[in-house]
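Protein chains: 2
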Amino acid sequence: MPKQNTICSNPVKKYIEQAKSFHGYAAPGIIIGGFMVDLAYQHLPEGVLLDAISETQVCLPDALQLLTHCTVGNGWLKVIDLGRFALTLYDPNNGNGIRVYVNPAKLEKWPEIKNWFFKLVPKKEQDTQRLMKQIQEAGSDICDYEKVKVKLNKVTKKHHSNLGICSRCKESYPVADGDVCLGCQGKAPYLNK
Amino acid sequence: MPKQNTICSNPVKKYIEQAKSFHGYAAPGIIIGGFMVDLAYQHLPEGVLLDAISETQVCLPDALQLLTHCTVGNGWLKVIDLGRFALTLYDPNNGNGIRVYVNPAKLEKWPEIKNWFFKLVPKKEQDTQRLMKQIQEAGSDICDYEKVKVKLNKVTKKHHSNLGICSRCKESYPVADGDVCLGCQGKAPYLNK
Numbered sequence: 334m335p336k337q338n339t340i341c342s343n344p345v346k347k348y349i350e351q352a353k354s355f356h357g358y359a360a361p362g363i364i365i366g367g368f369m370v371d372l373a374y375q376h377l378p379e380g381v382l383l384d385a386i387s388e389t390q391v392c393l394p395d396a397l398q399l400l401t402h403c404t405v406g407n408g409w410l411k412v413i414d415l416g417r418f419a420l421t422l423y424d425p426n427n428g429n430g431i432r433v434y435v436n437p438a439k440l441e442k443w444p445e446i447k448n449w450f451f452k453l454v455p456k457k458e459q460d461t462q463r464l465m466k467q468i469q470e471a472g473s474d475i476c477d478y479e480k481v482k483v484k485l486n487k488v489t490k491k492h493h494s495n496l497g498i499c500s501r502c503k504e505s506y507p508v509a510d511g512d513v514c515l516g517c518q519g520k521a522p523y524l525n526k
Numbered sequence: 334m335p336k337q338n339t340i341c342s343n344p345v346k347k348y349i350e351q352a353k354s355f356h357g358y359a360a361p362g363i364i365i366g367g368f369m370v371d372l373a374y375q376h377l378p379e380g381v382l383l384d385a386i387s388e389t390q391v392c393l394p395d396a397l398q399l400l401t402h403c404t405v406g407n408g409w410l411k412v413i414d415l416g417r418f419a420l421t422l423y424d425p426n427n428g429n430g431i432r433v434y435v436n437p438a439k440l441e442k443w444p445e446i447k448n449w450f451f452k453l454v455p456k457k458e459q460d461t462q463r464l465m466k467q468i469q470e471a472g473s474d475i476c477d478y479e480k481v482k483v484k485l486n487k488v489t490k491k492h493h494s495n496l497g498i499c500s501r502c503k504e505s506y507p508v509a510d511g512d513v514c515l516g517c518q519g520k521a522p523y524l525n526k
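Heads up: the sequence lines are chains A and B, in that order.
When you read off a place in the first sequence, starting at 1, and then add 333, the result is the number in this note's numbering.
When you read off a place in the second sequence, starting at 1, and then add 333, the result is the number in this note's numbering.
These are computed hints drawn from the structure, not numbers from a lab.
No copy labels: a pair is met if it fits in one copy or bridges any two.
In silico DSSO-like cross-links for lysine-lysine, where the CA-CA straight-line distance does not exceed 30 Å: (1) K439 to K336; (2) K447 to K526; (3) K447 to K520; (4) K503 to K457; (5) K520 to K484; (6) K336 to K347.
If we strip away everything but chain A, and leave its shape as in the complex, we get (with noise of 0.2 Å):
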């Protein structure tokens, strides 16, 4: 299989600095996350705004951010943390997308990307200069796709529809978490509030 240039239509050095200044380093999870992005594109209607879903906190979230519209903060990027690394896009009106996943079993084929993937080898002792190569050697080569019909009531965008103050706080908060806000309930991350 030739080496694969672009990634959604940019040379793929393109892709990787714009991962730098995003994501603060190349990581290799954001790197093989371009290349997801690009293989579910290459199978899903042109044309069509896309909904996402990542099923991973780390990286993938980034590479979405990245290469499509989607985002955590206008909410057509889900994060459910499955802790597979996988993705998925799909047409927000029937739930019709695609899902690329690392596939374990052609990791063999990648020694340096395998003992990444799986912490192998402790991160001080990686080489990352060739897992950097073999990663962008295979490409989405490492990675299988398929069919899903999302659940779409699972992923629709939540709406704080009706906000009041909260009477501890005084600051605003979704009336239906109760008396007092999710904050005042104990669930703020505060030592001292």
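With chain A's structure known, arrange chain B on it following the hints.
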């Protein structure tokens, strides 16, 4: 109070363009979020690499992702959905941080922002131009800030240290999740797998 012309040292206009490009449109919440991040930075020490918390899934994660090095995919931004329009930037070494929130009492001066914030007017009847004007005039005038101490054990990066192969789907997953992966335990958002 004079109108605030910059967000994190860049012209407000530039931030609005970035927000459009990343978030898809210049949503009121992402513009307010920009002023909130700016206010937090004013009260934080310089030169410290900070982590971030968004207390809502809506808009604020994108403001943080645009203006800080914290993203969902690199793990330095945590979305803890308490339904409050608030964000925190903090030192991950000691948990000391600044939390910024919209103070509903301060919205009385800005009727269009109040209408939007509490959804008092249907979106179609909203005067978007007046709303955006008020948002830019108000800047961080509608916000308050406070010192917080973040519970670091609540926000530390999750590391999936031991990965195995799920006996059902044959994909990688954190073995701590059980005999099969969370997806195969019925948590996947798909109808056909």
